Every structure is written in structure tokens, then in C-alpha cells.
Amino acid sequence: MTNAIDIRSATRTFGRTTALDGVSFAVPEGSICGLLGRNGAGKTTIMSIIAGQDRPTSGRVEVLGHGPFENESVLSRISFVRDNQRYPDNYRLGHVLRIAPEFAPNWNADVAAELAEGFRIPTKTDIKKFSRGQLSSVAIILGLASRAAVTLLDEPYLGLDVTARALFHDMLLRDYTAHPRTVLLSTHLIEESEKLFDRVVVVDRGRVRVDSDVDDARDLAFTLSGTTAAVDELARRHTVLRSHTVSGLKSVTVLGAMDDAVRADADGLGARIAPASLQDLVAAFGEESSESIEEGARA
Amino acid sequence: MFADKGPAFQQLAAKIADEIVAGTYPEGTAVPSATDFAVFHQMNPATASKGVNLLVELGALYKKRGIGMFVADGARDLLRSQRREEFRKQYIEPLLREARVLEIDDTELHHMIDEHEEDET
Amino acid sequence: MSAVVSTVRLHLNQRVGTFAVPLYITATVAAFSVLLSLLFWRSGSLPGTAGWIQGSQSNPGIAYGLVGFLVYFGVASVAATFPFALTLGATRRSFVAGTLLWYAITAAYITVVLAVLTAIELATDHWFAGFYIFDVYVLGAGDLLRLVPIVFLGVLTALTVGGVFAASWVRFAARGPQLIAAGAVVVIVAALIIVLPAVGTLVAAFQPWWLAVAAGVVILASSVGSWLLLRPAIVR
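Residue numbers (full-length UniProt numbering), protein chains in the order written: chain Z, 1 to 299; chain V, 1 to 121; chain Y, 1 to 236.
No lab work stands behind these hints, which were simulated from the structure alone.
All values reported here derive from a predicted model rather than from experimental measurement.
Glycine included, every Cβ here is placed at the ideal spot set by N, Cα and C.
This list has only true hints and no planted wrong ones.
Covered, in the sense of this in silico footprint (three residues per stretch, anywhere, with C-beta under 8 angstroms from a C-beta of chain Z), are these stretches of chain Y:
hint : region
1    : 9-22
2    : 70-81
3    : 85-95
Take the sequences, apply the hints, and build the full model.
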């Protein structure tokens with residue numbers, strides 16, 4: 001399978017701040033990939049670089065086999081609306097719907113119309129005055145109606161109500177099955193969106209911590225909970241990502257797959273053991289202290 | 001066979017298997033396509049295919065080229081026998097473990113089951 | 001090339017801004033000019049006298065009215081439209097080229113509007129009442145051969161200057177416009193220091209085409225500046 005997106009050792013610094021620190025991952029063609037991580041982890045910067053709106057300070061990025069920066073033919077096959085997208089003065093929904101097809105060769109007006117109606121986007125209000133959810137709706141219309149070979153959705157859920165989120169999922173999957181494309185979607189609503197993904201990439205502080213098939217991601221970490229003594233004993237041989245203690249009780253998320261040995265040990269010590277959900281995993285990497293990253297790197 | 005909280009493709013396979021056992025999808029009839037399942041359950045189409053294929057490999061579903069996916073003859077029995085094995089693991093073992101913790105002996109346990117069945121009827 | 005045309009369409013997407021607002025402004029300025037003329041009339045000046053014509057033709061209202069709007073328009077065409085153009089998939093190259101092309105279209109449009117209005121004013125003997133709205137010194141005093149280059153270059157100058165300020169803002173945030181303003185002041189002061197001793201001779205020798213050359217230089221510098229500023233610009 002060829003990769004639609006291929007990022008190799010991309011580093012991006014802004015002055016003294018390092019936004020991306022040697023990011024490498026690839027998204028195969030036709031995949032719906034989740035890009036997860038805390039605020040400030042580097043998700044939007046990664047998308048910006050993929051969309052040719054930014055360039056890595058070092059490293060390289062290929063989209064559909066070519067560098068996207070200033071590459072007209074690649075850019076016409078990418079859709080990216082950033083979470084804080086600016087629109088020209090006095091723009092209304094109609095302006096966006098009129099000009100978008102000019103730049104998106106596969107634009108589908110029916111998809112746009114169905115979404116605009118379903119989201120109940122006002123047509124007579126300036127986009128400047130839109131609520132957070134209405135702005136997200138406009139971004140989703142641009143993202144899905146473009147039918148771009150590479151579709152980047154940056155926090156598409158911000159401010160969306162439950163009906164709108166279901167409409168988004170429904171339209172994404174219906175249109176994707178009829179017109180397959182590669183989708184990279186960043187979000188904090190992990191439990192709600194994880195069923196959409198076949199791959200996940202987790203970033204924290206500008207580094208890729210997980211890059212995996214969504215089914216394999218279940219084997220990346222597990223949680224142990226029980227008495228502090230038991231959990232400490234069990235966790236001794238593992239890299240602890242996150243730990244949580246309440247008066248004598250402890251719960252930890254540790255790296256690695258749950259094997260029969262550790263399961264038996266946990267049984268023996270009366271501790272509970274369970275695979276870490278995707279949400280646990282992202283939360284754990286997001287809470288991890290700098291020291292354990294170094295330990296993890298050495299291990 | 002299908003853990004409740006396994007990967008999403010296993011969960012889908014378990015759901016379809018439930019429907020086959022319950023007779024919602026009778027043997028010899030068509031089931032929705034993997035794409036339809038994906039849209040209906042709002043899940044990744046590749047994951048949905050994986051789930052459907054699990055049942056194909058098991059022999060509960062079969063593909064008719066160009067037409068769709070059908071429930072195989074004998075699929076209900078096949079899935080039922082699979083689930084009988086599961087039953088021991090999922091229900092009997094925890095039942096006995098809990099009984100031991102509560103110091104319920106075998107006679108009392110049998111008695112409780114009989115009593116419950118009488119209540120049901 | 002197609003993305004350049006698409007960028008022009010992106011700017012033209014704001015039809016009201018491009019085509020109607022210059023007309024509103026022109027109409028407003030015209031209304032003020034008429035009111036002003038009526039004021040002079042009531043205060044004793046008579047239409048058709050040398051003093052009346054001299055006074056009316058000195059009114060530069062039309063230029064002031066349009067320049068402010070055009071500079072804002074130049075700023076808006078880059079400040080808010082550049083991030084959106086990149087989102088739609090334009091390259092920086094095609095955005096800068098398309099924006100310049102659109103500036104030229106806007107300048108041509110306003111030139112045609114003012115030329116037609118001036119021709120009507122002249123043909124109707126100043127609206128049958130002696131009102132000088134377009135037949136004024138800043139627009140070439142009724143000479144269409146002067147009006148056309150004055151308006152076209154004037155509009156283009158205002159738009160490109162607005163554009164380069166916005167480009168500097170996109171690239172360097174608040175520091176950008178400050179740097180350009182400071183740079184412009186330094187250049188002007190330096191020019192004055194060199195020129196000042198000879199200012200008398202220069203004023204005596206002044207030719208209107210000098211202004212055209214100056215406008216050309218400003219337009220060129222602003223356009224090249226916009227390209228250099230936007231080429232490495234990123235959106236955050």
C-alpha cells in the first residue's frame with residue numbers, strides 16, 4: 001500500500017520554542033487516521049506542514065508522493081481548514097460555497113448543501129459573528145465537500161452539538177465509502193471518534209509516541225489498580241506512564257502488552273488488570289513527566 | 001469467541017452473530033454490506049470489513065460475488081455451539097468464583113438455580 | 001496559471017466591495033461637493049465666475065474619499081484573504097500574482113467610472129448648474145488624457161501600498177507595518193536631505209510625469225515587497 005502522507009524526521013522550531021521534534025509517521029492511502037494528543041502537542045503544526053501552509057525547519061514531508069509546499073497540483077488535492085481559520089471581511093456562508101469549487105476540482109455541491117442544511121448554518125449572518133459550533137460546521141463542509149484525496153480535519157467537533165456530531169460522522173462515512181480518500185482527523189473526543197479510525201498517531205510535546213493500527217493500539221499499554229503495595233510490586237518491571245494514588249489505593253498505566261505472566265501476578269496480588277483504552281493511552285502520554293520519557297528512551 | 005470489550009471489529013462480529021442466532025438474519029438471506037454496517041454503526045469501513053470477514057472465515061457468512069453477503073446454512077447451530085463454549089468461561093466460571101467468595105456450597109447453588117427457574121415459569 | 005485566475009475570482013467573490021463600494025463613495029463625495037457648492041452660492045459666489053471655478057476645481061474630496069477606502073481594501077485583500085487563499089489551496093506565488101491582477105482590474109474599473117462621470121460632467125456643462133465634482137485639478141482638470149493615468153496609477157498605488165503593509169503584518173505581526181513605516185520615513189528624510197538644497201530648481205523644473213514615475217516606483221516596490229514578504233510567510 002502506498003502512503004498518502006509521509007513525514008520523515010520533521011522538526012519545527014518557532015524562535016526558541018520547539019513545536020515538532022523529529023516527527024516521523026506515514027498514513028497509508030485510504031486510511032482514516034486519528035491524530036491525538038493534548039493541546040500544544042503539535043497537531044495543528046503537523047497538519048499545517050502537510051497542507052503546505054508551513055514548512056519544517058528540518059526533515060521532509062511528502063503528500064501523494066511530492067512535497068506540498070508551493071506545489072499547485074498537490075495543494076489542489078489537499079483540504080485543510082485550521083481550527084482558528086480566518087475568513088475575508090464580510091464573508092457569509094454563500095461566499096465560501098461560491099469560491100471553494102474554484103480551488104477544489106472534486107467539489108460536490110450536494111454534499112455541501114446537505115451539510116449546510118443539516119447543521120442549520122445561518123446564511124444571512126457574517127461568518128465573523130458565527131459561534132464556535134457554526135465555525136466548525138463551515139470547516140466540515142469545506143473538508144467533506146472538497147472530496148480531496150487528502151482531507152485534514154482539525155478539531156472538527158469543537159462546539160458541535162450531539163446531533164451535528166452524528167451528522168458529521170454519518171456524512172463522513174457515507175461519502176468516504178462512495179469516494180475513498182485519506183483522512184487525518186485531530187480531536188480530543190477520543191471515545192466518540194475512535195471507531196472511525198483504522199490508524200492512530202499520538203503526539204506529545206512535539207514527538208510521536210504512538211503510530212499504530214487501531215487494533216494493535218490496545219496492546220500498547222495496560223492499567224493496574226489495587227493496593228499501593230501490590231501495584232508498586234507489579235509495576236516495578238514496567239515503564240509507568242501515569243500513576244494515580246488515593247489513600248492506600250493506586251492505579252497506574254504502564255507501557256507494554258498484557259501477557260499471561262503479569263495477569264497471573266496481578267491475580268496473585270489481588271490487583272485489577274485491564275487493557276488501556278485509547279483514551280487512557282492518550283491521557284497517560286499527556287501526563288507523563290519528562291524523566292519517564294528519558295527512561296522510556298533508554299529502555 | 002468474541003470478547004465484549006475486544007477491538008471494534010470483534011465487537012461488530014459479535015453483534016452480527018447475535019442477530020444471526022436470534023434469527024434476525026435467517027439462514028440463506030442477505031445481511032447488510034460491510035459498508036452499510038460501517039455507516040450504521042458509525043465505524044471505520046475497513047474495521048467493519050474485518051468484522052464481517054471474521055464471520056466469513058468462521059463459515060457463518062459467505063460471499064456471493066457481485067451480489068453480497070449471505071447467512072450460511074447451519075450458521076445458527078455453528079454460532080450456538082461456539083457460544084456454548086463461551087458460556088462456560090463467561091458465566092459458569094465467574095458464577096462459581098463468586099459462590100466460593102460468598103461461601104455458597106454446591107447444593108445451595110443448585111437449589112438457587114432450581115428456585116429461580118420456578119420463579120421464571 | 002489557473003490558480004492565478006482562481007485568486008482573482010477569490011477577490012472578485014466580494015462583489016459588493018469591489019464594484020459597489022467605490023460607487024457609493026463617489027456618490028457620497030459628489031453629494032458633499034454639491035452641498036459645498038450650494039454653500040458658496042448662498043455666501044455670494046456666483047456659478048460660472050472665475051472665482052467659483054477656481055474654488056470648485058481645487059476641491060480634492062474625491063481623491064481623499066477614495067484613497068482611504070482603497071488602502072483599507074489593499075490591506076484587507078491580503079490580511080484576511082491570504083490565510084483563506086492558502087486554506088483553499090492557492091500557492092503563495094499564484095496568490096501574489098492573482099492579487100496584483102485584481103488590483104489592476106479594480107484600478108481599471110474605477111478609472112472607467114471616473115472617466116465616464118467626468119465626460120458626462122463636461123458634456124452637460126457641469127450638470128447644467130456649474131457643479132465641479134470630477135472636473136477638478138487632482139483628476140486632471142477635465143483632461144481625460146490626464147485623468148486616466150492619474151486615476152489608474154493612483155488607485156494601483158493605494159492598493160499595493162495597503163497590500164504590502166498587510167503582507168508585512170502577515171509575515172511579522174505588529175512589527176511588520178512598524179518596520180515598513182519606519183523604513184519609508186528614513187527613505188523620505190534621506191531624500192529630502194539630499195534634495196533640499198536644490199529644492200527651488202526642482203520645483204521650477206517640476207513635470208507632472210515625475211509623479212507618474214514616482215507612482216510606478218512605489219507600485220513596483222510594494223509588489224516586489226509583497227512577494228518577498230509572503231513567499232516564506234506561514235499561517236498560524
